[in-house]
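**Student:** Sequence:
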Amino acid sequence: MSDKRQRARVQGSWAKQSPKPSGQTGIALKNNQPVNAAATVGSWGFDNEKTPKAFEFHQPAKPVREVPPERVIEQAGEYDISYGPSGVSRLRLLPGFLSTEEADWMFSKLLAELPWSQKTNYREGEAYEEPRLTCWYGELPYTYGRSTMPSNSQWHPVLETLRTAVEQATGCAFNSLLCNLYRDGHDSIGWHSDDEASLGAKPTIASLSLGDTRVFSLRKQPPPEENGDYTYVERIRVPLTHGALLLMEGATQDDWQHRVAKEYHDRGPRINLTFRTIYPEPEGHRPGTKMRFTEKKT
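Take UniProt numbering: the final residue in the sequence shown is number 298, and no numbers are missing along the way.
Certain hints may be false.
Claimed, not checked - Derived lysine to any residue pairs resembling SDA-like cross-links, with alpha carbons at most 20 Å apart:
hint, residue 1, residue 2
1, LYS290, ASP254
2, LYS202, GLY87
3, LYS220, ILE236
4, LYS220, THR231
5, LYS290, PRO223
6, LYS290, ASN121
7, LYS109, THR213
8, LYS220, HIS186
9, LYS262, SER217
10, LYS220, ASP194
11, LYS262, ARG235
12, LYS220, VAL72
13, LYS220, VAL233
14, LYS290, PRO150
15, LYS202, TYR83
16, LYS109, VAL158
17, LYS220, GLU160
18, LYS119, HIS192
19, LYS202, LYS220
20, LYS262, GLU130
21, LYS109, GLU160
22, LYS202, GLY84
23, LYS220, SER82
24, LYS62, TYR230
25, LYS262, HIS186
26, LYS202, LYS262
27, LYS290, TYR144
28, LYS262, TRP191
29, LYS119, GLY145
30, LYS119, GLU130
31, LYS262, SER188
32, LYS62, ASN227
33, LYS119, PRO287
34, LYS119, PRO141
As the list claims (entries may be wrong) - Pair by pair, the computed Cβ-Cβ distance ranges are:
hint, residue 1, residue 2, range
35, ARG219, TRP105, 16 to 26 Å
36, ALA169, THR231, 36 to 46 Å
37, GLU56, GLY87, 45 to 55 Å
38, LYS262, GLU113, 20 to 30 Å
39, VAL64, TRP155, 46 to 56 Å
40, TYR279, PRO69, 36 to 46 Å
Hints are computed from structural coordinates only; laboratory data are not their basis.
Using N, Cα and C, we set each Cβ at its ideal position, and we do this for glycine too.
Could you build all of it, start to finish, from the sequences and the hints given here?
**Tutor:** So this is what it looks like as structure tokens:
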């Protein structure tokens, strides 16, 4: 009885195992026949393994390249950021162009009184709503992407005052203005150049910032042999503060791109006023044509 009780404690099996065949401990059975241990080892090829060759160093086919560190521009001054291939590209930064009191008052007026609207644009044939609000002032319409902003000669008095101040400070004349409103850190504008043919060759653009600080980024256009790869290009970061004025001059629109990226932490609204000079669209070309395309076709 005690033997039966012991066997009953083991669920689904017998308490005592069948004895293993003598002389075959640890060797698997195949078709109930013992497998030769030496044959098993040989079947995996362990006994035929050759000693690996010593490590040989081979020079990389391509030289190792480092990504250039991003340059930061924060202090007032004139900066020649590159000298080619289209010529000298230059930035001029004037932090505190407007006093805090002036900037505060103008920001509140423009935020409340300009005719802000969200523009529909097109990318690869697909329509999308721009992640910011805009309005346009100028005697001529302005086309970028595949969307046109109609002419608007009724300048807001604050904008007229600012245009005069910017022209006096820079020695440049401007006949038009694109206004951008970034409502929070999620509003943005992607990489682009202001190189439409209607802006003329090597345009000067004056950018006045009001409101919360946003980072203005630039990256150099890669040379043709890079096939559009921006990995190793020069990059610049400019934090644009309340009341700061930034000028882009020379070949900046030919040789560089710029953007205001999304920021994933709290950012208040920011108004960006970009003063520029616009010309009639080149004859025979679709509005919004890029300057490079126009030059190739003429």
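**Student:** Each hint needs a verdict: does it hold in this structure or not?
**Tutor:** We went through each hint and held it up to the structure:
As the CA atoms of LYS290 and ASP254 are separated by approximately 10 Å, the hinted pair is consistent with the 20 Å bound. With a CA separation close to 9 Å, the supplied pair LYS202 and GLY87 stays within the 20 Å bound. Proximity of LYS220 to ILE236 is assessed by CA-CA distance (about 9 Å); at most 20 Å being required, the pair is judged to hold. Taking the CA atoms of LYS220 and THR231, the gap is about 10 Å. The hint holds against a cut of 20 Å.
Between the alpha carbons of LYS290 and PRO223 the distance comes to roughly 18 Å, so the proposed pair stays at or under 20 Å and holds. The straight-line distance between the Cα atoms of LYS290 and ASN121 is roughly 16 Å, inside the 20 Å bound, and the hint therefore holds. A hinted pair counts as satisfied when its Cα atoms are at most 20 Å apart, and LYS109 with THR213 qualifies at roughly 18 Å. With a C-alpha separation of about 25 Å, the suggested pairing of LYS220 with HIS186 is violated against the 20 Å cut-off.
With a C-alpha separation of about 11 Å, the suggested pair LYS262 and SER217 falls inside the 20 Å cut-off, and the hint holds. The straight-line distance between the Cα atoms of LYS220 and ASP194 is roughly 14 Å, inside the 20 Å bound, and the hint therefore holds. At roughly 17 Å between alpha-carbon atoms, LYS262 and ARG235 fall within 20 Å of each other, so this suggested pair holds. A hinted pair counts as satisfied when its Cα atoms are at most 20 Å apart, and LYS220 with VAL72 qualifies at roughly 14 Å.
Simply put, LYS220 and VAL233 have alpha-carbon atoms about 6 Å apart, close enough for the 20 Å limit, and the pair holds. This hinted pair checks out: LYS290 and PRO150 have alpha carbons roughly 19 Å apart, not beyond 20 Å. For the proposed pair LYS202 and TYR83, the alpha carbon gap of about 14 Å is at most 20 Å, so the pair holds. For the hint pairing LYS109 with VAL158, the CA-to-CA distance comes to about 8 Å; that is within 20 Å, so the pair holds.
The hinted pair formed by LYS220 and GLU160 fails the criterion: a straight-line CA distance of about 33 Å is larger than 20 Å. Taking the CA atoms of LYS119 and HIS192, the gap is about 17 Å. The hint holds against a cut of 20 Å. Of the pairs offered as hints, the one joining LYS202 and LYS220 holds, with about 15 Å between alpha carbons and a cut-off of 20 Å not exceeded. Restraint check for LYS262 and GLU130: the C-alpha separation of about 13 Å stays at or below 20 Å, so the hint holds.
Proposed proximity of LYS109 and GLU160 is supported: the alpha carbons are some 13 Å apart, at most 20 Å. Note on LYS202 and GLY84: the hinted pairing holds, with a Cα-Cα distance of about 13 Å set against a maximum of 20 Å. With a C-alpha separation of about 9 Å, the suggested pairing of LYS220 with SER82 holds against the 20 Å cut-off. Distance restraint check for LYS62 and TYR230: the Cα-Cα separation of roughly 17 Å lies within the 20 Å cut-off, and the hinted pair is therefore satisfied.
At roughly 5 Å between alpha-carbon atoms, LYS262 and HIS186 fall within 20 Å of each other, so this suggested pair holds. At roughly 28 Å between alpha-carbon atoms, LYS202 and LYS262 are farther apart than 20 Å, so this suggested pair is violated. The straight-line distance between the Cα atoms of LYS290 and TYR144 is roughly 9 Å, inside the 20 Å bound, and the hint therefore holds. Proposed proximity of LYS262 and TRP191 is supported: the alpha carbons are some 12 Å apart, at most 20 Å.
Straight-line distance between C-alpha atoms of LYS119 and GLY145 comes to about 11 Å, which keeps the hinted pair within the 20 Å bound. Of the supplied pair hints, the one linking LYS119 and GLU130 holds, its CA atoms being roughly 6 Å apart against a limit of 20 Å. At roughly 5 Å between alpha-carbon atoms, LYS262 and SER188 fall within 20 Å of each other, so this suggested pair holds. Restraint check: the Cα-Cα separation between LYS62 and ASN227 comes to about 16 Å, which is no more than 20 Å; the hinted pair holds.
Between LYS119 and PRO287 the CA atoms are separated by roughly 17 Å; this keeps the pair inside 20 Å, and the hint holds. A threshold of 20 Å between alpha carbons decides the hint, and for LYS119 with PRO141 the separation of about 14 Å falls inside it, so the pair holds. With their beta carbons about 35 Å apart, ARG219 and TRP105 fall outside the hinted range of 16 to 26 Å. Between ALA169 and THR231 the beta carbons are some 37 Å apart, a value that agrees with the proposed interval 36 to 46 Å.
Between GLU56 and GLY87 the beta carbon distance is about 48 Å. The supplied range of 45 to 55 Å therefore holds. Evaluation of the 20 to 30 Å hint for LYS262 and GLU113 yields a pass: the beta carbon distance comes to about 27 Å. The beta-carbon spacing between VAL64 and TRP155, approximately 54 Å, falls within the hinted interval of 46 to 56 Å. Look at TYR279 against PRO69: about 38 Å separates their beta carbons, and that is inside 36 to 46 Å.
In summary, the structure is inconsistent with hints 8, 17, 26, 35 from the numbered list given earlier, while agreeing with the others.
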